[in-house]
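Mind docking chain E on chain X? Use the hints.
Chains as they are written, first to last, in the numbering used here: chain X, 25 to 135; chain E, 30 to 146.
Hints may contain errors.
As the list claims (entries may be wrong) - Among chain X residues calculated to face chain E with C-beta under 8 Å, some are:
(1) Leu70
(2) Lys122
(3) Gly126
Unchecked claim - Now the stretches of chain X that chain E is said to cover, found in silico as 3 or more residues with beta-carbon under 8 Å:
(4) 95-103
(5) 111-120
No lab work stands behind these hints: they were computed from the structure. Don't be surprised by glycine CBs; every beta carbon is placed ideally from N, CA and C.
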Amino acid sequence: AQSVTQLGSHVSVSEGALVLLRCNYSSSVPPYLFWYVQYPNQGLQLLLKYTSAATLVKGINGFEAEFKKSETSFHLTKPSAHMSDAAEYFCAVTPTNKLIFGTGTLLAVQP
Amino acid sequence: DTGVSQNPRHKITKRGQNVTFRCDPISEHNRLYWYRQTLGQGPEFLTYFQNEAQLEKSRLLSDRFSAERPKGSFSTLEIQRTEQGDSAMYLCASSLDGGARSGNTIYFGEGSWLTVV
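One chain only, chain X, in its complex shape (with noise of 0.2 Å):
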């Protein structure tokens, strides 16, 4: 069975600083692997996606995610938070027509 862990419900940062939001997955095929964002009250909105080309993905808003087979992990990262990027942080695997979320993370962005 195929699986996300996302370590850490909630991240808080200060506009600036570096984010990085941590998932982990488990899968016994070579996973696709993708970070959604969902804003108050709206549905999710892809930022990447991973489908076994390169291991660096990069997405929207300044985003990107490492695909590392040995860790299991495919980690979020932006360099310098804004106050926008304020919102939960879904990671997720499919293994052939679905997908499967994880529990997400709440980004708070701080001033």
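Chain E only, in chain X's frame:
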């Protein structure tokens, strides 16, 4: 706006009543998904359609839940005899054929909030 559209956005209903949500996917997308999201949790898969065929259903989709996509375009999710535990946001999503593992992006709507009182 050509994104995934869901309505109603909010629904408050009394326990025991039936509710129906509608989803209009992106027009050329033949895959349509339903997810449920409760507070503090990630979205949980309920079911998906390939055109009008319902190809997979989660164990979360009890007998009180039924989803249809009669003409392969819009879809409805009906919950009969609602219970307080049904209170959640119901998310619809769509994608091109092949889904996420083919490299296609799954696009989500803004969700329909259900509160059962």
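Now the hints, each set against the structure:
no.	hint	verdict
1	Leu70	holds, 5 Å
2	Lys122	holds, 5 Å
3	Gly126	holds, 5 Å
4	95-103	violated (count 0)
5	111-120	holds (count 5)
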